[in-house]
Structure formats: C-alpha cells, structure tokens
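Q: Spelled out from the first residue to the last, the chains are:
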Amino acid sequence: MYHRFDAVIVGAGGAGLMAAAQLAGKCSVAVISKLYPVRSHTGAAQGGIAAALGNVEEDHWIWHMFDTVKGGDYLVDQDAAEVLAREAIDAIIELEHWGFPFNRLPDGRLDQRRFGGHTRNFGEGPVRRACYAADRTGHMILQTLYQQSIKNQVIFFDEFMVLDLLLTEDGVCTGVVALDIATGELHVFHAKAVLLATGGYGRVFKVTSNALSLTGDGVAIVFRRGLPLEDMEFYQFHPTGIYKMGILLSEACRGEGGILRNGLGERFMERYAPTLLDLAPRDVVSRSIYLEIREGRGVEGKDYVYLDLTHLPREVIETKLADNTDFVRTYLGLDPVTDPIPIQPTAHYAMGGIPTDVDGRVTIDAQNTPVPGLYAAGECACVSVHGANRLGTNSLVDLVVFGRRAGRHILQFVQENELHPLPKEPEYHARAEIEWLLESDGEEKVATIRAELQEAMMADAGVFRTGDGLRRAREKLGELRNRYTRIGIDDRGRTFNTDLVEAIELGYLLDCAEAIVACALAREESRGAHYREDFPQRDDVNWLKHTLVTRTSGGLELSYKPVVITRFQPKERTY
Amino acid sequence: MQVTLRIQRFNPDTDTKPYYREYTVEVEPTDRVLDALNLVKWYQDGSLTYRRSCAHGICGSDAMRINGRNRLACKVLIKDLGSRITIEPLLGFRVIKDLVVDLEPFFAQYRTVMPYLINDEPPPIRERLQTPEERELIEDTSKCILCACCTAACPIFWTTEWLGPAAIVNGHRFLFDSRDRATEERLAVLNQRFGVWRCRTIFNCTEACPRGIQVTRAIEQVKRRILFEQS
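So the protein sequences, as listed, match chains A and B. Each number in this note's numbering comes from the position in the first sequence (counting from 1) with 286 added on. Each number in this note's numbering comes from the position in the second sequence (counting from 1) with 105 added on.
It is possible that part of the hints are untrue.
To be verified - Reference listing, derived: stretches of chain B covered by chain A, where coverage requires no fewer than 3 residues with Cβ under 8 Å from a Cβ of chain A:
| # | region |
| --- | --- |
| 1 | 138-152 |
| 2 | 161-174 |
| 3 | 241-248 |
| 4 | 278-285 |
By construction, these hints were calculated from the structure, which means they are not laboratory data. Fair warning: this is a prediction, and the values are worked out from it, not measured in the lab. No residue lacks a Cβ here, since even glycine has one placed at the ideal position from N, Cα and C.
Please put together the full structure from these sequences, using the hints given.
A: As structure tokens, then:
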C-alpha cells in the first residue's frame with residue numbers, strides 16, 4: 287500500500303510526538319509506531335526533567351550547560367548543550383501549558399528536586415533543577431504529548447514496524463517502508479521529510495532497563511543504508527537496576543536522599559566522589575559499584591549492593607517515589623520503608639546514535655553535511671548533547687527540546703521543498719527480507735542467538751572493557767551474524783506475526799552491537815561511560831573527537847569528527 | 106519450579122474458533138507470568154502471540170486475563186498463582202490473534218472524552234499556578250496507562266455500549282484539573298446516555314487496575330460533580 291505525506295515521523299515516544307505537535311494542522315503528517323503510542327518507553331522515565339527555572343534555589347541555564355558538558359566528559363558538542371540548557375526552560379513551560387501535571391510548590395509554581403551531576407555554580411554542590419511528577423515524569427510527558435496529538439488530530443499508523451529507509455541516488459530521503467504488524471502488509475510512505483524517533487537499543491545487553499521492543503530499529507535502517515552512526519561506544523549503565531531483573535529504580539531515590547551501601551554497610555561513594563557522593567554522574571557511580579563488588583564488598587560477597595532508603599520519611603517514599611516503591615514491593619517482595627534494596631547497574635541509555643545537527647538534520651560526515659529530508663531526534667539520535675555520559679533527566683530534556691526543533695525545521699523544509707520521486711521498486715529490500723524470514727527453516731533459533739548476543743555484550747562491552755574482551759565480542763558477533771543466516775521461525779502467517787517481528791529485531795540488534803564493539807575497540811582511552819581497563823586515562827590529545835562508523839562492502843569503517851568547544855575547555859573531571 | 110500454562114489460542118487464518126493449548130515451562134517462583142510466556146514463545150512455540158514491551162507494569166501492553174482476572178502479565182508473579190495458570194485474552198474486544206485484541210474501540214472511547222487540557226486563555230510567560238492541593242485532585246487519575254484492564258473487567262461494558270471506566274478516568278483527570286476551562290463540555294459528554302450513569306458500582310474496574318487507581322471512586326466523583334453543577 288502507498289501513502290503520501292509531507293512528513294512522516296517514525297516512533298511515537300516523546301521526541302516523535304513533540305515533533306508531531308509542531309506539524310499537526312500545518313502540513314500533512316503521519317506518525318508510524320511499532321507500539322500503540324502510549325506504550326512507548328518515554329513512559330518509563332521516572333525522576334524528572336531538568337531546567338534552570340530557579341524556582342527553589344538560584345540556578346542558571348549556563349550552570350545546566352556546564353554540568354551537561356562535564357557530565358559528558360567534555361565529548362559534548364557545546365553549541366548543542368547550550369541550546370539544550372537554554373531551551374529546556376521554555377519547553378517545560380510549554381509542557382505545563384499543555385496540562386502536564388507537575389508537582390508543585392506551596393505557592394503553585396513547579397517544584398524541583400536534586401538529580402545526579404546537576405550542580406550550582408559550576409560544581410560546588412547539588413542543585414534543585416529537576417521538575418517532576420512524582421516518579422512518573424516520563425509517563426506524564428508521554429500522556430501529555432499523546433493528548434496533544436489527539437487534540438491536533440494527528441494521523442497514526444499504530445503497530446507498524448519500520449523496515450527500510452528510502453533514499454534517491456543523490457542521497458535525498460523520500461520516505462520509509464513499514465510492516466503493518468496486524469496484517470503483514472508492506473506500506474510505502476512517500477514523504478518530503480522523515481523523522482526517525484525510534485528510541486534506543488538497550489536490548490543488546492542482558493541486564494537492561496529497556497523495554498523488550500527497544501532494538502535500535504531506526505539506528506539500524508540508517509546504518510544499513512550506508513549512513514554513519516556516531517559515538518556508538520558510549521552506552522550508559524544506570525547504577526540502580528533491580529538486581530538480576532534490571533528494572534530501573536530512579537536516580538530520584540538518591541535525589542530524595544537515598545544512599546548506596548556495600549556489603550559492609552559503608553557509604554562507599556565517599557571514596558569515589560567526595561563532593562556529590564551518591565549523586566555523582568551515572569558512569570562514575572556504576573563503576574564504583576562494580577569496583578566494590580570486585581573487591582569483595584558486594585552484599586554477601588555477591589554481585590550487588592544496596593540502595594538504602596530506610597532513613598527517609600515514609601511519606602517521601604510512598605508519595606514522591608510511589609512507583610519505585612511499587613516495583614520493589616511487587617518484584618522483590620521487600621518494603622523500601624524498612625528494607626535496603628538489592629541493586630546492580632543496568633544498561634540504560636545510548637549516548638550514540640544517528641548523527642544530527644541542532645535542528646535534527648541527519649548529517650553524514652565531519653563537516654556535518656545534511657541528508658536532505660532526513661531527521662532524527664531523541665535517543666536514536668546523537669546531537670551530541672550527552673557526549674560520553676548523559677546526565678540524569680537530560681534524556682527527557684533532549685527529546686522535548688530537539689523533538690521540537692526537528693519538528694519546526696521539518697515544517698520549514700516541507701514548505702520550501704518538492705516531493706522527490708521514489709526509487710524504483712521502493713519496497714524491494716523490505717519484501718526480500720520478509721520473504722526470506724517467512725520461509726526460513728534453519729536450525730538456529732532467534733531467542734538463542736539473541737541471548738548469546740546479550741551475554742557477550744554484557745560480559746565484554748559493558749561497564750568495564752578491554753581490547754581482548756572487545757576482540758572476543760567481535761568474534762562472537764561474527765559467529766552470531768553467520769548463524770543468523772540459518773535461523774528458522776515457527777510462525778509463517780501474515781496476521782500479527784510477532785515471531786517475524788522478533789527475527790527482524792534481532793537483525794537490528796546485531797547491527798547495533800557490531801557498531802558498538804567496533805567503536806569501543808578503536809577508542810583507546812577511558813572517557814565517560816566508555817572505560818577501557820587497558821587505557822584507564824582520558825586522552826584529550828588523541829581522542830577528544832567523535833567517532834563515526836559506516837558500513838561498507840569491506841566491513842565497518844571508522845572516521846572521526848571534532849568536538850565543538852565554545853565556553854568550557856576540557857578539565858579533569860572530579861566530583 | 107514447573108508450571109503449566111493453559112493458553113487460549115486463536116489464529117484467524119487457520120482456526121474457526123478459539124481453543125486451549127497447554128505448555129509446561131521451568132520457572133523461578135519470583136518470575137513474572139510474562140517471563141513464562143516468553144519461555145514458551147522463545148523456546149517452544151514461536152507462533153504464540155501476545156503484546157508486551159516494558160515488562161514492569163508501566164506501558165500497559167500485556168493486559169490479559171490470568172486465572173480469570175485482568176492483569177498485566179509483567180506485574181503478576183508465578184508464586185502468587187501456583188503451578189497451573191490459565192491465560193486468556195481480555196473480554197469484550199475482538200480477538201485479533203491469541204492474546205492480542207483489537208483496542209481501537211477502546212481508544213475511540215478515550216478520544217470522545219476530550220482527553221486534553223482545554224484552556225483558551227492566553228498562557229502566562231511562566232507556568233500556570235496550581236497549588237499542591239489542586240494538583241492532588243488529579244494525582245490518582247493521571248496515573249492511568251490505558252491498558253484496558255478496567256474497561257475489559259466491567260460487566261456493563263461486556264453487554265452494553267458505554268464509555269467504560271478508562272475513558273471516564275481520563276475525563277475525570279481533566280474535569281478536576283484546576284487549569285481546565287471546559288467543565289461544561291466535559292460534563293455534557295460524561296452525562297450523556299452512554300456516560301457515567303451506566304456504571305452500577307460493581308468495583309471490578311478498581312480491582313483490576315494495575316496502577317491502583319480508585320476507578321469506581323473517580324466515576325462516583327464525576328457523577329456527584331454532574332449533580333452538583335446541575336443543582
């Protein structure tokens with residue numbers, strides 16, 4: 287089936303819906319989403335969304351910008367960080383005007399809470415910068431933006447999975463191909479502009495806070511078309527995942543006063559971040575937890591530590607951390623009011639992704655040459671505002687600020703440009719992939735390959751990395767790639783074939799994992815979330831640069847592009 | 106431990122009517138029902154079809170009937186159910202395949218309550234003010250994740266055309282928002298023939314809600330608001 291729109295948005299999380307809000311009623315726009323929009327993983331974000339409103343104590347956007355740059359271990363593009371910190375303020379006010387039910391101060395203004403790595407006066411101490419709605423801030427963002435979409439009568443294609451990106455021979459984007467999951471039919475979406483807002487790919491790791499559907503779909507289809515990905519080696523592990531399950535417990539737990547304790551009951555963050563303690567950035571805290579565990583100070587010598595809230599008032603735990611309390615009671619059978627909570631770091635957020643400029647335009651090289659008509663925003667994109675490590679709450683800031691900017695730029699673009707013709711047989715590649723999978727009857731199972739991939743990535747491309755480990759992972763991925771060609775799926779039908787969907791997703795995960803490992807192996811330094819035990823120091827002389835990875839017929843090729851530095855020269859990063 | 110899942114299956118391409126099939130899997134007592142379903146799908150029968158995404162009770166994808174009650178499969182643990190578990194699709198919706206139902210009518214009802222803030226007054230430069238007490242009025246109903254557990258648990262919904270609990274919860278969320286200015290239009294929608302008055306206060310919705318929303322109370326608050334505004 288064929289559709290024509292001015293703009294097509296792929297993904298109905300925060301970034302996609304924020305962009306849709308800019309376009310609805312002003313041009314023809316459709317949103318394609320693998321899930322019902324309200325199922326998107328933006329809804330799982332918990333603790334807050336930062337903006338230097340200064341409602342509770344003095345704050346300035348430039349402090350937020352500085353924290354973002356330092357938090358990202360100076361790999362952040364500072365022009366983008368400035369946009370993020372400045373426009374966060376206005377974007378949050380806009381959300382409020384749309385009905386977002388923020389928590390309030392007694393005088394009726396928005397309340398703000400502490401969060402990791404957010405400081406006053408360039409690192410002096412924690413600052414209250416995160417606006418929030420209990421511990422379900424992401425849920426409220428997703429609901430508010432979906433509500434606006436209903437109000438604006440946005441056209442949705444729910445439960446459509448993107449399979450391919452359409453480019454002309456001159457490299458102009460002309461649309462996407464998607465699978466209608468309910469019917470198995472292929473749909474070609476012909477458009478002047480495409481925004482990819484497909485989220486992350488945390489499912490490359492075994493223990494993750496990410497939804498089962500977060501398989502890097504948008505990232506992979508761009509990569510398969512020979513376009514580069516940026517900074518794929520930088521993947522954030524959130525310090526506080528529920529032990530073994532990976533379910534996220536918000537940084538707001540520590541923002542409200544929670545403390546991490548090792549098996550001896552020590553507040554071990556005193557050793558690693560004497561100023562910010564438990565509210566140091568996530569890369570620092572996750573590494574500290576693993577170091578404690580390695581040195582035998584995990585709880586009962588095992589591979590976890592405690593998140594301790596027991597000293598907090600019951601009222602705070604039950605109301606400001608209500609969902610977290612519910613998770614702990616449901617999944618662990620413990621009560622955070624009286625019991626310390628077993629946690630371990632959990633794969634959480636991709637700093638890297640599809641390279642874009644500050645208007646969401648996808649770029650292809652060190653000169654930031656844009657692909658006409660192609661945009662990306664949210665976790666799948668790399669602006670880069672997160673650099674080597676994202677600060678807590680900045681993912682939500684990113685998607686509202688850059689989703690909005692991408693939407694606005696798309697509106698201008700579709701008003702000024704004509705529709706380009708589609709390439710011949712636009713659905714050819716997508717159809718070939720679907721037919722191959724539906725007829726596949728090999729002996730290899732999708733679930734087995736996926737589990738081995740997740741184990742390998744967790745072991746050798748997680749919080750601690752070495753050259754040997756990454757080479758081992760690369761070899762393993764090669765083996766899995768080979769076995770993937772011999773898979774067999776059980777369901778050969780067209781109707782709601784989730785067996786097929788999972789097989790396609792595994793292909794995407796393989797692409798993402800290969801890119802992560804190639805970039806991580808090349809970067810012989812430690813910076814932010816990328817920690818090489820064989821190169822434990824940051825090396826600004828050789829590595830203060832972004833990685834670009836491109837798939838060619840000869841394999842993966844790496845190149846680099848400079849970091850934009852405007853206000854803050856790189857300094858040693860201590861907390 | 107071993108559990109036997111008795112799952113209602115239906116593939117419209119090959120089956121004329123639904124049937125049950127049993128699967129036995131090895132799980133931990135602390136595993137979620139979703140984990141057990143995944144074990145079946147991944148290692149025994151890839152054709153088993155259900156929706157799932159976040160796996161921790163936030164996205165609302167995996168609402169289904171588990172031992173006769175509407176639950177999210179990711180929010181109920183095996184140890185609370187025992188070794189024999191019956192899993193069926195939500196009632197009151199057309200089954201697309203196995204445990205996947207057509208939720209379009211559900212979202213259509215949701216859209217009729219105008220689920221968005223209506224306030225045409227020019228907004229201030231900064232945030233609109235709302236006291237913590239005003240905010241508290243929508244604390245409960247703003248938690249809704251639109252999973253459909255409540256609506257599909259309502260006996261009135263099974264037999265009669267009406268808005269259903271979830272749509273009313275979302276109507277409540279804006280009706281009681283101090284920033285909203287469309288009270289009259291909202292009450293008109295909720296007061297219509299298919300509106301709140303079809304509720305017989307059965308409480309199935311409240312019992313079913315995986316977010317712990319006091320759904321029946323919200324419906325009652327809407328009824329009182331209608332009576333109060335009319336008197």
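Q: Against this structure, judge whether each hint is valid.
A: Verification of the supplied hints:
Counting residues of the region 138-152 of chain B whose C-beta sits closer than 8 Å to any C-beta of chain A gives 6, which meets the bar of three, so the coverage hint holds. For the region 161-174 of chain B, the assignment as covered by chain A holds, since 6 residues bring a beta-carbon within under 8 Å of that chain's beta-carbons and 3 suffice. Closer than 8 Å: that is the beta-carbon criterion, and the region 241-248 of chain B has 4 residues meeting it against chain A, so the requirement of 3 holds. By the rule of at least three residues with a Cβ nearer than 8 Å to a Cβ of chain A, the coverage given for the region 278-285 of chain B holds, with 4 such residues.
Against the hints set out earlier in the document, no violation occurs for any number.
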